[in-house]
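Both chains are given apart, each in its own frame, so use the hints to dock them into the complex.
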Amino acid sequence: MQPEITTTPALEVHDLTVAFDRKPVLWNIDLKLPAGKLIGIIGPNGAGKSTLIKATMGLLPLSSGYVRLYDQPIDNVRNRISYVPQRESVDWDFPASVMDVVLMGRYGKLGLFRRVRQADRDVALDCLRKVGMEAYANRQISQLSGGQQQRTFLARALAQQADIYFMDEPFAGVDAATEKAIIGLLQAMTEAQKTVIVVHHDLQSVTHYFDWVIMLNTRLVACGPTETTFTQQNLQETYGGKLTLLSDVGDLIRRENFPNREGVSKPVL
Amino acid sequence: MNTLTDFFSFSDPNIRFVVIGAMLLTASSAIVGTFTFLHKKSLVGDAIAHAVLPGICLGFILSGTKNPAYLIIGAFITGWLSLAAVEFITRRTRIKEDTAIGLVLSVFFGIGIVMLTVIQKSGNAAQSGLDHFLFGKAAALVGEDLMVFGTVAVILLFCVFLLFKEFSLLAFDKAYAQSIGLPVRRIELVLTSLIVLAVVIGIQAVGVVLMAAILITPAAAARFWTHRISVMVLLASLFGAFSGLAGAYISYIAPAMPTGPWIVIVISTIAFISFFLAPRRGVISRMIRQRAIRRTINNENVLKTLYQLGEESKNFFLPRTEADIIHKRSYPSPLLTAVLHRLRRQGYVERIGTTWQLTEEGMSRGQRVVRIHRLWELYLTTHVNIAPDHVHDDADTIEHLLTPELETELERLLNYPTVDPHQAEIPYKKPV
Ligand SMILES: Nc1ncnc2c1ncn2[C@@H]1O[C@H](COP(=O)(O)OP(=O)(O)OP(=O)(O)O)[C@@H](O)[C@H]1O
Ligand SMILES: [Mg+2]
Chain R
823 MQPEITTTPA
833 LEVHDLTVAF
843 DRKPVLWNID
853 LKLPAGKLIG
863 IIGPNGAGKS
873 TLIKATMGLL
883 PLSSGYVRLY
893 DQPIDNVRNR
903 ISYVPQRESV
913 DWDFPASVMD
923 VVLMGRYGKL
933 GLFRRVRQAD
943 RDVALDCLRK
953 VGMEAYANRQ
963 ISQLSGGQQQ
973 RTFLARALAQ
983 QADIYFMDEP
993 FAGVDAATEK
1003 AIIGLLQAMT
1013 EAQKTVIVVH
1023 HDLQSVTHYF
1033 DWVIMLNTRL
1043 VACGPTETTF
1053 TQQNLQETYG
1063 GKLTLLSDVG
1073 DLIRRENFPN
1083 REGVSKPVL
Chain B
9 MNTLTDFFSF
19 SDPNIRFVVI
29 GAMLLTASSA
39 IVGTFTFLHK
49 KSLVGDAIAH
59 AVLPGICLGF
69 ILSGTKNPAY
79 LIIGAFITGW
89 LSLAAVEFIT
99 RRTRIKEDTA
109 IGLVLSVFFG
119 IGIVMLTVIQ
129 KSGNAAQSGL
139 DHFLFGKAAA
149 LVGEDLMVFG
159 TVAVILLFCV
169 FLLFKEFSLL
179 AFDKAYAQSI
189 GLPVRRIELV
199 LTSLIVLAVV
209 IGIQAVGVVL
219 MAAILITPAA
229 AARFWTHRIS
239 VMVLLASLFG
249 AFSGLAGAYI
259 SYIAPAMPTG
269 PWIVIVISTI
279 AFISFFLAPR
289 RGVISRMIRQ
299 RAIRRTINNE
309 NVLKTLYQLG
319 EESKNFFLPR
329 TEADIIHKRS
339 YPSPLLTAVL
349 HRLRRQGYVE
359 RIGTTWQLTE
369 EGMSRGQRVV
379 RIHRLWELYL
389 TTHVNIAPDH
399 VHDDADTIEH
409 LLTPELETEL
419 ERLLNYPTVD
429 PHQAEIPYKK
439 PV
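Protein sequences, first through last, are from chains R and B. Note that the working numbering has the first sequence beginning at 823, numbered continuously upward. Note that the working numbering has the second sequence beginning at 9, numbered continuously upward.
A couple of the hints might just be wrong.
[Said to hold, decoys possible] As a list, the in silico DSS-like pairs of lysine-lysine whose alpha-carbon atoms are at most 27 Å apart:
id: 1; chain 1: B; residue 1: K182; chain 2: R; residue 2: K931
id: 2; chain 1: B; residue 1: K48; chain 2: B; residue 2: K129
id: 3; chain 1: R; residue 1: K952; chain 2: B; residue 2: K182
id: 4; chain 1: R; residue 1: K859; chain 2: R; residue 2: K952
id: 5; chain 1: R; residue 1: K845; chain 2: B; residue 2: K182
id: 6; chain 1: B; residue 1: K322; chain 2: B; residue 2: K182
id: 7; chain 1: B; residue 1: K336; chain 2: B; residue 2: K322
id: 8; chain 1: B; residue 1: K48; chain 2: B; residue 2: K182
id: 9; chain 1: R; residue 1: K931; chain 2: R; residue 2: K859
id: 10; chain 1: R; residue 1: K845; chain 2: B; residue 2: K104
id: 11; chain 1: B; residue 1: K437; chain 2: B; residue 2: K336
id: 12; chain 1: R; residue 1: K1002; chain 2: R; residue 2: K859
The set of hints was computed from the structure by calculation and includes no laboratory data.
Next comes chain B alone, as it looks inside the complex (with noise of 0.2 Å):
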């Protein structure tokens, strides 16, 4: 048997109900979650989530019935109240934002606890299938969801793409848009509207606790991998639907797994991913960099040395021991040779016997370095009103890092200077 062909053949109407419906629910979160996310609104999420509870009791008790319908109307009307509650502290009181959200989160979600006990006690044999809502029943969806569903994620796809640039300019600069008198209020109730609305429907498939997880987590993932807006609303809503592809296909090779907590598993894998791999923003790359910059200052330290070593010599292609060097500026003994060897193996040095000696170009390199620091040196005394002997730590590191550009740009303001603040030579190339 080939549970892989099977389950992508989607012969089972199950099957497809369970991975259309799934790939449904946290594509379309996500992408109202890329918004949420960008309008630093991701507590709200978890509020609203938490608040949907009493109503889809309330729903349940109203209607008698498990209908969704009724259910998603009550959920709407609590999580509406609970972003109603958050704002209406926010504005009335000293409390903070955060706290009035903890606060509205639990009692709404204490309330609906209450409720759904007192409901499943009740006796009535409707009600049995009430507690999917708290930890989502994604691997039970069947066609009539689906269709609700399939509506739902329209309507959002729909505001989203009518209303792309407004919620752009009012994630980015609220004050702003209003000036130029957007309707900055009812645009928000919009986006509110279509936060509370996927909470709504995505509650069904991984349940209360998890909803929060599918709306933020594609957008933080996708945020690592790109500074476009629009970019990052697909990368989200793919690494949405992936996710649930994934955890309904987990599911169906174990049914004992829960479809909604694996969706967030393999959601919050991605976005571990992103976090260590992804291209300048993730950890990785930038362990890359900071190791790239760490060479690069060994390797012209130790030419800076041998360079100095020939100043004092007036000859700057004497061969040096290691102990030379380490008398004139301490490296830990291991770490000197490793670098003399990459410097040799980059032309820089050439080793004689177990000595070392500077090629023409390591002399230049060299020579441009300690240029580069008694320049610094030197501007930094004329031209920033520094203490001479202040100035020393500074250039140690601006050796490094000046820009070709930038070094003439130095020399030409200084012009051309021939000592530095200490009175030692400023070194320049020789006219060949």
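Pulled out of the complex, with its shape left as it was, chain R reads as follows (with noise of 0.2 Å):
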């Protein structure tokens, strides 16, 4: 079903299922993605698809299945990956200025103990002004529009200076210019061989911004480059009819107090 991809893959997810009290939200997903491109993935509400980006960056316990990154296990490139969370995970009434949340991207170059230096603010800055917010380098984190915190925490994903990034939702509250302005940044990163992986609302815009895309709805169905994927038919079968019978063993799964994925056998379906 999916093109092969003949270099390393950027990002390789082999039979994942990931299960919140027993339930499995996404079920045995597999996929490679090839290294710059900037890649969306679109699905219905409640589809997986925060749930995917966190299993993948192994924020989540998995039922089965693992994932590599350039071919190494993701504790082996912590450094490569970035993440901007989806806006509403976190407290926005929170003690810090747009500098200090910036900052929080350095942290992990850094590492332990060590203290911000100059050199970690003039990136911090510099990538406030990628995003047109260097305006705002000291304004307090409670007093920002929606759209203004989306665009710092996608500051504080650039000060990472990764090789892959996440990004869950970046244009939720945004404004159209904002949006086009960041969308020419992100192509301008894969131009630079980074790979950048969209969760993305807005269908009419997909064809545009994206070259490849992974449409999910509970299980993988379909990925690979737009114009070849992103069809009709796949559009039907993701958004189209609940996957009734999915989400009806699942449930029975947890009523039932079943034993969660043991060892390699596949779930009942």
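Pasting the structure below:
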């Protein structure tokens, strides 16, 4: 189903299943992503897009499968990955300035115990400039609008100077002009062989924005270059008709207290 | 006799012990407490405070002495166990964290009280004073205690200094911290150990029951005054140290007064004052800002009414009676009089006998309000697709709020229209 990637894939996900409270919300995901592409993840609410990103980054326990980045286990390449969480995932009434948040992007490089240096501030300011937020560097984060919060998170991710970026809905609450500017930025990054994976909701813009798409609805519907993958039929399969059977079985697993993916056996379908 | 100078000369070694001990305790638990507060673990602090009691009793039973080292080890162990129990319950069952904390707190505390009673009934002479851990014994601190407190305070400060950025990041965005590969579990382990340590030491001054107050209250008070974590930590420790000093002083001048509870009363008062007085976040400054906004709205509404009266009679500078104004738009009469007098002082109207007349400036300000109101109505109908009969109330608020920059932008966006959705003229300033 998926075209072969000749070079080492930036990301390989193999037979990944993730469950919450025993109920699987992602079933047997298999995919390989090439380096240097702008890749969209699309799917309806609750499809498991955020879960896929988090599981890939090792933030959630896997029920089965494995993830490799640049052909290595994730913990070996932590300093090459960067994450933009969904904006609502943090409490913005936290005593910190925009600059403080962007500087967090440097913590991975700094390591434990070390203090932030002037050079880190330079990088942070540069990243703020890229997202058009340099004027807000000293603003309290509790006083930001939704779009500004989003751009702050983006600047923090940029400050990591990573090779692969996972962004969960970076355009939520961002105005059209800013969205254009950010997409330009992301495209420039992919030209420099960075891989950028973006959860996206606006189907209109998918073909303009992304080189590749991952179409997801609890299971993987399709993954590949946008021209060949983003088809009417795949869209129908992703968004049309609820996967009632799959979710019913998931509920059953929880209700019956079924063992959670013992060994390598496949879930009963 | 001057108690104040007696006290602050610290010539009496007992006073020295009490004051230094109390300040060390309160300041260091305030520093750790700031992170407890930011990690939203305030309740956990309370649970630990109650859960160390059985550990203290156990330490006494096993060692047979009140040597603080044994008691602290015991306290540390059960404090930790209680946290493990909370985590186990929230992970493995459907019970939510707050319920789990309540459960663990009462079970551990209950066991502690039972053990304490058993020890007291046992007739062991060494046990006298063990119940100090319930309510604290700050006034009876001795040199030996200071050594222990000092050591612990240094450990706490050192750890917080080393892990400052990690603690902050974890409190703000744990998933992100994990994604960049920080050893999140281990850092949390350190923080929890620090909380347990601070509690174990702190209860010797204020006791189990009041411990959560000296852990969390300084941080809560400090939060009102600052938006920066480093400043917040500093302020919290200052507030804590001050309450320690004040508590010690109060029980010095009135020996019947217990030090621990007074420390808590002082720190609570500081929190209370912060709640009312702090700039921006405090209640009073918010009230003042609200009041200023209400005044502006009243001022502008009256100017708007005078302007509209002027539109009707095609003369903006006719003198109007208060009845004229109320006829156009109803105001409570005393309010209107007060507002008009204020407007006169500000130079927007003049008083002629019992009538009022717009000045040039008043006319132009009234005109601006009317202009923004109508522009906004137009904007809502043409750009936001809201029905013309729904836009009035919105515009009534916006007219007082819009900055000159936004006003210009609105005019440009709408291309300087001349009439609003209700066909009323949109007035512009005449070029002079
Ligand atoms: N912490 C959790 N505990 C239990 N269930 C969860 C948890 N997080 C997510 N889920 C469930 O997993 C499924 C997938 O959630 P996920 O957040 O990945 O969806 P999504 O595709 O990102 O949706 P959206 O577009 O709304 O962001 C949902 O059915 C959700 O209810
Ligand atoms: Mg999501």
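Here's how the hints hold up against the structure:
1. K182/B - K931/R: 17 Å, holds
2. K48/B - K129/B: Given that 27 Å is the threshold and the Cα spacing comes to 40 Å, the pair is violated.
3. K952/R - K182/B: 25 Å, holds
4. K859/R - K952/R: At roughly 20 Å apart (the allowed maximum being 27 Å), K952/R and K859/R satisfy the hint.
5. K845/R - K182/B: 24 Å, holds
6. K322/B - K182/B: The given pair, whose Cα atoms are some 65 Å apart, is violated under the 27 Å limit.
7. K336/B - K322/B: 15 Å, holds
8. K48/B - K182/B: 12 Å, holds
9. K931/R - K859/R: Holds. K931/R to K859/R sits at ~24 Å (cutoff 27 Å).
10. K845/R - K104/B: With Cα atoms ~19 Å apart, K845/R and K104/B stay inside 27 Å; holds.
11. K437/B - K336/B: Holds, at about 23 Å.
12. K1002/R - K859/R: 17 Å, holds
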